[in-house]
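Participant: Residue numbers (my numbering): 4 to 325.
Rather than coming from a laboratory, the hints here were simulated on the basis of the structure. Computed from a predicted structure; not experimentally measured. Where is the CB? At the ideal position from N, CA and C, for every residue including glycine. Some hints could be false.
[Stated by the list, open to error] Using C-beta positions, here's what the derived DEER-type ranges look like:
no., residue 1, residue 2, range
1, ASP248, SER64, 21 to 27 Å
2, PRO231, GLY14, 16 to 22 Å
3, HIS264, GLU28, 39 to 45 Å
4, LEU293, PRO231, 25 to 31 Å
5, LYS112, ASP248, 40 to 46 Å
6, THR192, GLU30, 41 to 47 Å
7, ASN135, MET26, 24 to 30 Å
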Amino acid sequence: MRVGIISFAHGHANAYADALVNMAEVELVGIADDDRERGRAAADRFKTEYFSSYDALLKASVNAVIITSENSRHREHVEAAALAGVAVLCEKPLAPTAEDAKAMINACKEAGVLLQTAFPVRFNEAIKRARNVIQEGKIGEIVAIKGTNRGKNPGGWFVDKSSSGGGAVMDHTVHVADIIRWITEKEFTHVYAEIEQSAKSAIDDSGILTMTLEDGSFATLDCSWSRPSNFPTWGDVTIEFIGTDGTLFVDAFAQKFDVYHSNGLQWTFWGDDMDAALVKDFVGAVREDLAPSITGEDGLRTVEVALAAYESSKQKRPIAIT
4 MRVGIISFAH
14 GHANAYADAL
24 VNMAEVELVG
34 IADDDRERGR
44 AAADRFKTEY
54 FSSYDALLKA
64 SVNAVIITSE
74 NSRHREHVEA
84 AALAGVAVLC
94 EKPLAPTAED
104 AKAMINACKE
114 AGVLLQTAFP
124 VRFNEAIKRA
134 RNVIQEGKIG
144 EIVAIKGTNR
154 GKNPGGWFVD
164 KSSSGGGAVM
174 DHTVHVADII
184 RWITEKEFTH
194 VYAEIEQSAK
204 SAIDDSGILT
214 MTLEDGSFAT
224 LDCSWSRPSN
234 FPTWGDVTIE
244 FIGTDGTLFV
254 DAFAQKFDVY
264 HSNGLQWTFW
274 GDDMDAALVK
284 DFVGAVREDL
294 APSITGEDGL
304 RTVEVALAAY
314 ESSKQKRPIA
324 IT
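Based on the provided sequences and hints, a complete structural model is requested.
Facilitator: See the structure below:
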């Protein structure tokens with residue numbers, strides 16, 4: 004199977020490329036990036052061809068592409084792939100606006116190509132086990148959920164709203180919102196948010212969301228770029244489910260050793276590789292002509308939550324998701 008990558012603007016591209024080159028019967032055909040220096044460096048690292056345009060890559064007989072460009076360019080790249088008849092795994096958030104996300108979904112449907120949203124946390128073993136426990140009713144009915152997704156400020160285009168669509172709330176709401184939807188199989192109906200921007204940030208870097216689900220339960224989320232530069236990893240993903248018969252706490256990054264040395268604390272991870280599992284799942288769906296396990300609609304639903312959070316913070320009231 005022949006796979007390409009469009010843009011190394013997002014850091015996740017490195018993990019996805021590494022997964023591709025280590026998969027049997029998969030060829031990383033090339034990397035397209037309009038940043039020539041960045042693209043050539045990535046192509047050299049992964050021993051593949053550099054393409055100066057995504058059109059050239061799409062014409063190179065690829066079966067699928069992974070899109071890890073700036074959020075604002077997702078629509079352009081997805082629509083081009085759809086027109087070329089090429090399956091797509093698109094980095095989260097699916098798009099910076101609901102309009103763009105819907106256009107991407109429609110383009111892929113009309114072209115008959117697969118569109119999958121990159122939500123690797125679904126492939127974390129602890130998250131998968133939590134889903135099984137909750138869906139088996141072992142902690143009763145879920146009445147409340149508390150989540151965190153707190154990371155380092157990534158800088159670069161992430162803090163340029165024209166490229167990202169938003170700061171920490173856009174970047175970090177979508178992961179946990181997707182996990183909550185996936186586990187509970189409920190949709191969000193309302194969002195209330197308090198969003199702030201520190202003096203050191205060019206865009207929002209902290210937010211607290213309260214999200215109501217269709218069954219009346221609610222979830223809170225700390226979605227921030229609040230980790231210091233010397234934090235042992237990029238951030239965290241934790242979720243606590245409060246049920247009528249018990250509680251369940253999940254730390255998606257707990258599969259690690261704490262290593263202390265003269266420079267401080269480092270984490271050495273020993274657990275499952277959720278990025279590789281995501282790519283394997285995508286490749287399998289394309290190869291077997293299956294529906295994606297994580298759809299474009301899944302990506303759209305989480306973008307709607309983030310956008311409602313921004314509107315709520317602006318209007319200082321809960322916002323309904325229609």
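Participant: Each hint should be assessed against the structure and marked as holding or not.
Facilitator: Hints and how they fare:
1. The hint said 21 to 27 Å for the Cβ distance between ASP248 and SER64, and at roughly 54 Å that hint is violated.
2. At about 18 Å, the beta-carbon gap between PRO231 and GLY14 stays in the expected band of 16 to 22 Å.
3. Separation of HIS264 from GLU28 is about 41 Å and conforms to the stated range, judged on CB atoms against 39 to 45 Å.
4. Taking 25 to 31 Å as the suggested C-beta distance range, the pair LEU293 and PRO231 does not conform, at roughly 42 Å.
5. Roughly 41 Å separates the CB atoms of LYS112 and ASP248, a value that falls within the hinted 40 to 46 Å.
6. Between THR192 and GLU30 the beta carbons are some 45 Å apart, a value that agrees with the proposed interval 41 to 47 Å.
7. Between ASN135 and MET26, the C-beta spacing of about 27 Å keeps the proposed range 24 to 30 Å intact.
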